[in-house]
Every structure is written in structure tokens, then in C-alpha cells.
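Student: Here the protein sequences come in this chain order: A and B. Quick note: the first sequence, position 12, residue 13 per my numbering, numbers continuous. Quick note: the second sequence, position 172, residue 190 per my numbering, numbers continuous.
None of these hints come from the bench; they were simulated from the model. Accuracy of the hints is not assured; some may be wrong.
[What the hints assert, rightly or not] Derived DEER-like restraints, expressed as beta-carbon distance ranges: (1) B:M132 - A:G78: 26 to 34 angstroms; (2) A:E123 - B:P86: 29 to 37 angstroms; (3) A:E123 - B:R206: 21 to 29 angstroms; (4) B:A162 - A:E123: 49 to 57 angstroms; (5) B:R153 - A:A136: 43 to 51 angstroms; (6) B:E148 - A:R131: 43 to 51 angstroms; (7) A:E40 - B:R153: 23 to 31 angstroms; (8) B:E148 - A:E40: 25 to 33 angstroms; (9) A:L128 - B:P86: 27 to 35 angstroms; (10) A:A28 - B:N22: 51 to 59 angstroms; (11) B:D87 - A:A28: 35 to 43 angstroms.
[Said to hold, decoys possible] A partial selection of chain B residues facing chain A, derived with a Cβ cut-off under 10 angstroms: (12) L67; (13) G72; (14) L76; (15) G105; (16) F205.
Cβ coordinates follow ideal geometry from the N, Cα and C atoms, glycine included.
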Amino acid sequence: MQTEWPEQLFARLVDLNIRQVAYVPDAGHARLIDLCRGEESMTAVPLTTEEEGIALLAGAWLGGERGVMLMQSSGVGNCVNMLSLATTCRFPLLMLVTQRGEWAEFNPWQIPMGQNSGAAIEMMGGLVYRVDDAADLCDTVDGAGNLIFNGSRSAAVLISQRMIGRKVW
Amino acid sequence: MVGNVPLLKRRPSVARLLAGRGPTAVICGLGSACWDVAAAGDHDLNFYLWGAMGGASLMGLGLALAQPDRPVLVLTGDGEMLMGIGGLATIGVQRPRNLTIAVIDNQRYGETGMQHSHTASGVSLTKVAEGCGFRRTLPVATEADLDMLRAQIHGLDGPVFARIRVEASDDPRVLPTHDGVDLKNRFRRAAGVE
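The following block holds chain B by itself, in its conformation from the complex (with noise of 0.2 angstroms):
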């Protein structure tokens, strides 16, 4: 809870995000951001991380700057964006408008036992974001935020960034294929360029 209002959960919240995404392309990060986006519905521009834990942001970075009129979403979980939190400054140099990295903060290791990460001391992800010169912020909190999030991310006046905040729950793992070759030669067969 924070106030009164209940915490979100975050099967729902990723469903509610990429419902109608149209060309919208996904990059996961490594663990449960991934068995969630799987959960919403297996795609061919979702490209699942399994590991290369930190990079999810930088390669959401690499394709929005290679197709810059296509909405591209990093998400990911805050363990993950803590390993690779410079990666936010960098991409404040580039700016791309087509960019959103989405946050979803249980402040949990979910992978690997639930144990608290930084954010569950209060280091703001958000705070950070604005500093690196991100042209929007959003906290998200509720499935109005959600609702403006996905507006934002098909609005092409990013980068977004956004903190996701959900509710520690532990879901029944939803897994894509993990053959790294097959989702990246899928991805770009989908994204019409091979």
C-alpha cells in the first residue's frame, strides 16, 4: 500500500502496457520483466534477455536510434537498471524521442530470492533518470499512470522514463525460448530489415 491506494501488480500492469502496441518493439530484461512480457503474449519484436544482466536499456537505446520512427520499450526490473544505471546517463546525451525504459519495481531480487535492492532503501531510480536529462518522467502507480505511460510510448516524444511500482508477488514463471540466435533473427525479420 502506499497511502490507500494498492500497490499494482505486475502481470496486469505489463498486459495493460502492451495492449494495441502495434509496431511498438520490446526489449526485456533478464528475469521476471521477461516471464512477464511473455505472460502479456509471445511477439516477434520482443526480444527476451536472459542474461547480460545491465544491458537491457543500451540495446533499446542502439535500436531506437536505428529506427527512430518506431516506439521502442525497454522493460525491465530495478535490480536489472541498477546494474546498468549509467546507461541512463547516455542515453540522456542521445535523447532518442522514440524511447521508453519502463521500471517495474518490486524493490526485489525476484530472481534470486527476493532480496531487497537499492530501491528498497529509497535510491530513486526516477531522480536519477531526471538528472540524466530524460524529457519525461513518470511515476506510475496506478492503471490511470499506466494508461498515460502506454500514451506516452506511442507519443514519440521521449526518452520516457518510468517506475513502474508493484507489489512483491512471486508468479508462476511464463518462458519464452531462450535460443538467443532464433529471437534475434526473428526480431529483425519482424522489424524488416533481413
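Same shape as in the complex, but just chain A (with noise of 0.2 angstroms):
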């Protein structure tokens, strides 16, 4: 199961619809970005900072398509600003943002805004869901995105550092 799960989530993502995927590489996500680059029915955007991905998903949105930023904790913090245009329009938002700054972190520079992510989040109007288990994910992230598609929210689901593995230095 620990080493499925990008393969596991990446086809409830394919369930989902999901048709835009925005990123900023990862080591976490790395193998569902791959997963996803590859996928005919996604297109993979590439950004250079992560508030990119909010615009970019709500001009998916006005478009008909549904789209889902996968991104690391770091990254929640770039986006302040930007959630209002999600919150104020209550476009669709699903965030997968994989956490550093916790569990057996190597670099004290990730834990402020790894420590914060999810209170970043809640504070611009968005749903955090936390995920500490490989086994909750897929069910998590299937559940927000029918919550964020069906009731216009913005949501994130942090996946835990200790589920996606020690990074070694």
C-alpha cells in the first residue's frame, strides 16, 4: 500500500474527471506527476509558483474543465493572496499538497510554513482534510473533490510527511 498509492490516486483522479493538472515538481508527488503527464485525457501545467495554479484553475473552470493543483507545503503560502479569487467566486479548488516541516524533518527552513499550511488554508476560506494514512487517502481526496465540484469550495487535503516517507540527505 505505501508505495501504491500515487497509482491508487491517480485513478480516482481519472474518476474525478480531472482534466487540468497544475503542479510544482515534487518529490512526493513525483510519481503521480509522472502518472499524470502521461495521461491523454490531462493536461500537466507546469508552473513557476503556486498562486499560478489558482488562476489557472478557475480560468479550467470557466471553461468547463476540472483541474487540481498538486503541490508541497511551501507552496500554500505563495497562494494567499490569489484564494480570493476561489473564495469570492467559490470556484472549484482541490489542492494536494504534500507536507514537510513535521515528522522527521531534516530542514528547519520547511517547518514554518509546513507547521501552517492547513491554517493558511482555513484562514483564506478553504477545507482541510489531513491525511495520515496511505489507506484514508484515495477515500479522502475522492470526498473533497465530489464536496469541492458539487458545492463550489476550495479545499486541500495535506498528506502527511510521515506517510510519504523520510527524505534522505
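Since each chain sits alone in its own frame, please combine them into the complex, following the hints.
Tutor: Structure follows, in C-alpha cells:
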């Protein structure tokens, strides 16, 4: 299960009819990003900074497509003002966030944002779901996705650092 | 003045660009670009950003990717474009043929007191767009240039980047609705996705 979650999560994203995948390269999401890049029904859009993804996915929704953003916790802070676009206009926005700055973190520079990623999302009106066990991930993403696309809300699923595994330095 | 040619005025320039727009969708960056587009005539396929500074071009990208047969025009100011300048690189990776980014460049931050922007010091957004791989980049300084740009918007052979150099003017505000949910819903209905 531990190593299979990217494949399973990818299948759920296909089921959710996700068409645009915005991302900033990330070790935790690396396998999932590769799968999305190889999927014909999806357009993978690498970003220079995460806030671009908020606007990109709003535009996608205007054109009738669903999207998802794959990012690391440090990127949440880059999004804060842009999240007002999703909140004010009630654009559906699904963010899958791999956590840094928590379990077994080696780099202290990751801690401030990693410890506050959920609070930053909530501060801007988004919902936060945290996953510590890979067995819960797919159902959590599926539930969040159904909620946001049907309810026009923004939500982040925080994927814990312990679940992803220790970064080897 | 640039040489002997008087600078374009922003309001008539935008109106000229939008004449006969057909199915073109327009995303407007916050501030004067929104008032210019509203002054040219409200339209269900206009989306006015009242905030989210730096997001206009990326919003255009997401829309252009979702509806590849529809011309998508982002009209924004130099200050708004500068805040999202990395987005030009992101567009350069995707290179959608139906996307045009048109920057109305008065070299000023109009909403905050007409302070100089970076373009007033010679920063060239056109060269940035060229370096990012835009298929066409177009300096716009005359009405003939505007007509050429209008043809390119509909030509679906972009991405196009155009810098429209305009005089610094303080035009009366023409305010469209600022209800974001309403803007979104009416746009989606007009685009045939809701």
C-alpha cells in the first residue's frame, strides 16, 4: 500500500474527470505527476509558482474543465492572496499538498510554512483534510473532490510527511 | 509621443480591439483594464478581476486550454502583468494557439496614484514574452497595429503577446459588477458549460 498510493490516487483523479493538473515539481508527488503527464485526457501544467495554479484552475472551470493542484506545503503560502479569487467567486479548487516541516524533517526552513499550511488555507476560507495513513488517502481525495465540485468550494488535502516517508539527505 | 506618432488612447483602443469580437472570451486584469473593457460594452463572456493581481494571464491560460477553439483574450495592465510575470513562462510551455495576452501599457499604476511601473524604466515585457516562446509578439502603437492584433486574436495561431503602448490618462471609471459568483455563472452559461 505504501508505495502504491500514487497509482491509486491517479485512478481516482481520472474518475473525478480531472482534466488540468497544475503542479510545481515535488518529490512526494513525483510519481503522481509522471502518471498525469502521461495521461491523454489530462493536461499537465508546470507552474513557476503555486499561485499561478489558483488562477489557472479558475480559468479551466470557466471553460468547463475540472482541475487539481499538486503542491508542497511551502507553496501554500505563495497562494494566500490568490486564494481570494477562489473564495470570492466560489470557484471549485482542489489542492493536494505534500507536507514538509513535520515528522523527521531535517531542514528547519521547511518548518514555519509546513506547520501553518492548513491554517493558511482555512484563513482564506478553504477546507482542510489531513491524511496520515495511506489507506485513507483515496477516499479522502474522492470525498473532497465531490464536495468541492458539487459545492463550489476550495479544499486542501494535506498528505503527512510521515506517510510520504523520510527525505534522505 | 513616440517619434512623430501620438500615443494611442486606451479607451478607443480597447473598443477597436473588441469590435466584432464574436465568440471571443475576455479576461480583464484588475484596475483600468476592467474599466476599459466595461466602457466598450458589457458582455457575458467578459470576466472582470477586481483582485487576484497577477492572475489574469493564467486564468486566460486555463480557459484557453479548456476551450481550444475559442479565442481567449487577456487584457491587462503593465503593473498586473509584472506581478504575474512568471506566468508568461508557464504559457510558453503550453503554447495554446487560441490565447492572446494584450498588455495596455501606460507605464503607470493607475489605481494607486499613477506611480511609474518597471516598464517606465525600460523593462520590456515583449522581450520577456519572446524569450518565453510566444509564437507571435506584436508591438502596438497605431490603429493599424490594433487592427492587425484584432486579426491575430481571431487567427488561432498564437500564443500572441501584444504590448499596446498608450498615453497615461485618467479616464472616468466605468464599473462592471463586482459580484464574482455572478460573473462566473453568467460566463459559464454563455460559454455553454452550465
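Student: State for each hint whether it applies.
Tutor: Structure-based check of each hint:
1. B:M132 - A:G78: 26 to 34 angstroms: Holds, at about 31 angstroms.
2. A:E123 - B:P86: 29 to 37 angstroms: This hint holds: roughly 36 angstroms between Cβ atoms.
3. A:E123 - B:R206: 21 to 29 angstroms: Holds - the Cβ-Cβ distance for E123 of chain A and R206 of chain B, about 27 angstroms, lies within 21 to 29 angstroms.
4. B:A162 - A:E123: 49 to 57 angstroms: With Cβ atoms ~53 angstroms apart, the hint holds.
5. B:R153 - A:A136: 43 to 51 angstroms: For R153 of chain B and A136 of chain A the Cβ distance comes to about 47 angstroms; the hint holds.
6. B:E148 - A:R131: 43 to 51 angstroms: Roughly 44 angstroms apart at Cβ, these two residues keep to the hinted range, so it holds.
7. A:E40 - B:R153: 23 to 31 angstroms: 26 angstroms, holds
8. B:E148 - A:E40: 25 to 33 angstroms: 32 angstroms, holds
9. A:L128 - B:P86: 27 to 35 angstroms: 32 angstroms, holds
10. A:A28 - B:N22: 51 to 59 angstroms: About 58 angstroms separates the Cβ atoms of A28 of chain A and N22 of chain B, which means 51 to 59 angstroms holds.
11. B:D87 - A:A28: 35 to 43 angstroms: Cβ of D87 of chain B to Cβ of A28 of chain A: about 38 angstroms, so the range 35 to 43 angstroms holds.
12. L67: 7 angstroms, holds
13. G72: Because about 7 angstroms separates G72 of chain B from the closest Cβ in chain A, which is inside the 10 angstroms limit, the hint holds.
14. L76: 4 angstroms, holds
15. G105: 5 angstroms, holds
16. F205: 5 angstroms, holds
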